[in-house]
Every structure is written in C-alpha cells, then in structure tokens.
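Asks: Sequence:
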Amino acid sequence: MKNPLVELIAIDLDGTLYAMDLLISERNRLAIAAARDAGIRVTLATGRVVYDVVDRVRELGLLPPNLPASQVTPIISYQGGVVYDLLTERPLLVQHLDAALAIRVIRLLRRLGQSVNMHTLTETYRENARPLDTMYAEKSRLVQPHDVPDLVAAISAQGLQPLKIVIVNEPDANHALIEMLRAEFGSLVEVTRSHAYFCEVTSLSATKGVALAFLAQQLGIARERVMAIGDNWNDVSMLHWAGYGVAMGHADEQVKAAASYVTETLANDGVAHAIERLALGEVD
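With my numbering applied, the sequence shown corresponds to residues -19 to 264, in that order.
Source of the hints: derived by calculation from the structure; they are not laboratory data.
This structure is a prediction, so every number in the text was calculated from the model and none was measured.
Quick reminder that beta carbons are idealized off the backbone N, C-alpha and C, glycines included.
The reader is advised that the hints may include incorrect statements.
No more than 20 Å apart at the CA atoms, straight line, and that leaves these computed lysine to aspartate or glutamate pairs for EDC-like [claimed, not checked]:
{"id": "1", "residue 1": "119", "residue 2": "39"}
{"id": "2", "residue 1": "119", "residue 2": "204"}
{"id": "3", "residue 1": "119", "residue 2": "103"}
{"id": "4", "residue 1": "236", "residue 2": "118"}
{"id": "5", "residue 1": "119", "residue 2": "150"}
{"id": "6", "residue 1": "119", "residue 2": "159"}
{"id": "7", "residue 1": "236", "residue 2": "103"}
Ranges between beta-carbon positions, derived for each pair [as the list claims (entries may be wrong)]:
{"id": "8", "residue 1": "41", "residue 2": "247", "range": "32 to 38 Å"}
{"id": "9", "residue 1": "123", "residue 2": "1", "range": "19 to 25 Å"}
{"id": "10", "residue 1": "84", "residue 2": "-16", "range": "45 to 51 Å"}
{"id": "11", "residue 1": "69", "residue 2": "124", "range": "38 to 44 Å"}
{"id": "12", "residue 1": "152", "residue 2": "237", "range": "38 to 44 Å"}
{"id": "13", "residue 1": "-16", "residue 2": "91", "range": "51 to 57 Å"}
{"id": "14", "residue 1": "39", "residue 2": "203", "range": "41 to 47 Å"}
{"id": "15", "residue 1": "72", "residue 2": "44", "range": "14 to 20 Å"}
{"id": "16", "residue 1": "247", "residue 2": "45", "range": "30 to 36 Å"}
Let the hints inform the model, and build the full structure from the sequences given.
Replies: Take a look at the structure:
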C-alpha cells in the first residue's frame, strides 16, 4: 500500500543502488518499479555525468513507454550541479564552479603532485592522469576523457565552464586531501567525498540538497513528502533536507546522523527495504 505522504524519491547511485560492479539487484529494481507504478516520482541523484545517468534511468524503466511523459522526473547529476530534464534533454539548473576558483584549486593540486579530472556539462578533461584515474573513468563510464598537458591553459583558452573537479586517491590519502582543501578554501567551494577514493570539488551551491529542493519546487512537491536515500558525505545535504532522509546501513556515522531513518546495507538491498517500508508500506 502506497504511503500518501511520499510523492518523490531521490536515490543515490554508487554505494546506494549498486557497488563497484555497477549491478542493480532484482529486489531494488522491483521496488523502484513498484513505486513508479504507484504514482510516486523517482529520480536519481548522483555525482555522475548526465549521459551515464540517462542510461540508468532507461535501465530502471523510468522513461516512456514504462510511464507517461507527465511522470518522467528530471535527474540530479554532478553532485547537484545540474538538474536535467529528460524529455527536453536540457538542464533546468546549472551551478558552475567559478573558473577562477577552479584554477586556484588546480594549481594547488599541481603543487601537491595530484592528477586532476575536470568535468564540464558535456566533456571530461584530465591533467597528469594516473592508473587510478583510468579506474575512475571506467567505473564512471566516461566517454573519451580529454588528456591535456595544462588544464589551466585549457580553461582560459577554450573558455571552459567547470562543473566539478575530481581527484582520485587511496582512501587515507583522499581523506587527508579533503581536509586540506576544506582548510585552504573554507566556504568558497564545496569539497566532499562520493566514494572512499574520490574527492570532489564543486560550486558551494552545487549540492544534492540544493538540487533536490529546486526539483521538488519545480514539481510542486512539499519537502515533507520527499524521500532521499544515500550512503556518503555528498548525500548528507539531501538526507538532511528531505522529509524522509534515509541513510544506508553501511554509511558513516555522520551520514546516519543527517538521516531520519537508517535502512539495510547495500548487500541487503537497503534501497528496496526503504521503499517497501516507508513509501509502499507502513511508516515507523
């Protein structure tokens, strides 16, 4: 039985809907389909690029002919930097990272000997790519990243508009880098973790919480009727904002603290458990 208080569900991808194998379990698929068929809007909220998210939307049956065009829900990508209309194939909201700030971040990363992945709305550019960056490109299903010798020069010469910067490291080094960037740039940019290996830098206003609030307003859905499900630091803003903030069972304590409900782990189909319990069944 549908819970009439839930009208929109936003679901993170990596670590929430699937693991590094990128496979969505049958139970999670069925739960999402059940929510869709009950008239609940479902969106994906992720740091991934638009074209990869569109493939996932199609895979989950969230496009016609599986549902009417009026029920097709825009997606959230680039950590909230973009809200994208799947029907018009145009962004409804774009929150660019200021180019001058991006250049400052890149120059600091250079001094630290880091590689840099930078995303615009349609392309990915890399400087000093390492094997871990190849792993990132493969797992993120990036199409032909552009390797450039000087990313700062590329931004200036080509007028590139950054959406986010991604740095890939082993988990301990990644944690240390996040703390360093936060200390260096304070409240100028958003620095977060989407995966144990991935540090991401975006505009201060490019968060999943801001994007989800924008999307709900566009759809005329009250905050109290929105469910968000996530597992990592980049999900905290939307878990805190949503009326039903759901943290995965394997999430860090700070992620769980932002949520109003803790579901099962990824291995135990936490997304399906949350949808079945809160959106399609009885609310605790």
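Asks: Next step is simple, just say for each hint if it's right about the structure.
Replies: Comparing the hints with the structure gives:
With a C-alpha separation of about 17 Å, the suggested pairing of residue 119 with residue 39 holds against the 20 Å cut-off. This hinted pair does not check out: residue 119 and residue 204 have alpha carbons roughly 34 Å apart, beyond 20 Å. In summary, the hint linking residue 119 to residue 103 is supported, as the alpha carbons are separated by about 16 Å, within the 20 Å threshold. As the CA atoms of residue 236 and residue 118 are separated by approximately 29 Å, the hinted pair breaks the 20 Å bound.
This hinted pair checks out: residue 119 and residue 150 have alpha carbons roughly 15 Å apart, not beyond 20 Å. Only pairs whose Cα atoms come within 20 Å are accepted, and residue 119 paired with residue 159 is rejected, the gap being roughly 25 Å. Restraint check for residue 236 and residue 103: the C-alpha separation of about 34 Å exceeds 20 Å, so the hint is violated. The supplied range of 32 to 38 Å is broken by residue 41 and residue 247, whose beta-carbon atoms lie about 24 Å from each other.
Between residue 123 and residue 1, the C-beta spacing of about 20 Å keeps the proposed range 19 to 25 Å intact. At about 48 Å, the CB distance of residue 84 to residue -16 agrees with the hint of 45 to 51 Å. Checking the proposed 38 to 44 Å range against residue 69 and residue 124 shows it is violated: the Cβ atoms sit about 20 Å from each other. Separated by about 23 Å at the C-beta atoms, residue 152 and residue 237 break the suggested range of 38 to 44 Å.
For the hinted restraint 51 to 57 Å between residue -16 and residue 91, the CB-CB distance of approximately 55 Å keeps it satisfied. The given range of 41 to 47 Å is broken by residue 39 and residue 203, whose C-beta atoms sit roughly 29 Å from each other. For residue 72 paired with residue 44, a C-beta distance near 19 Å keeps the hint of 14 to 20 Å intact. The beta-carbon spacing between residue 247 and residue 45, approximately 33 Å, falls within the hinted interval of 30 to 36 Å.
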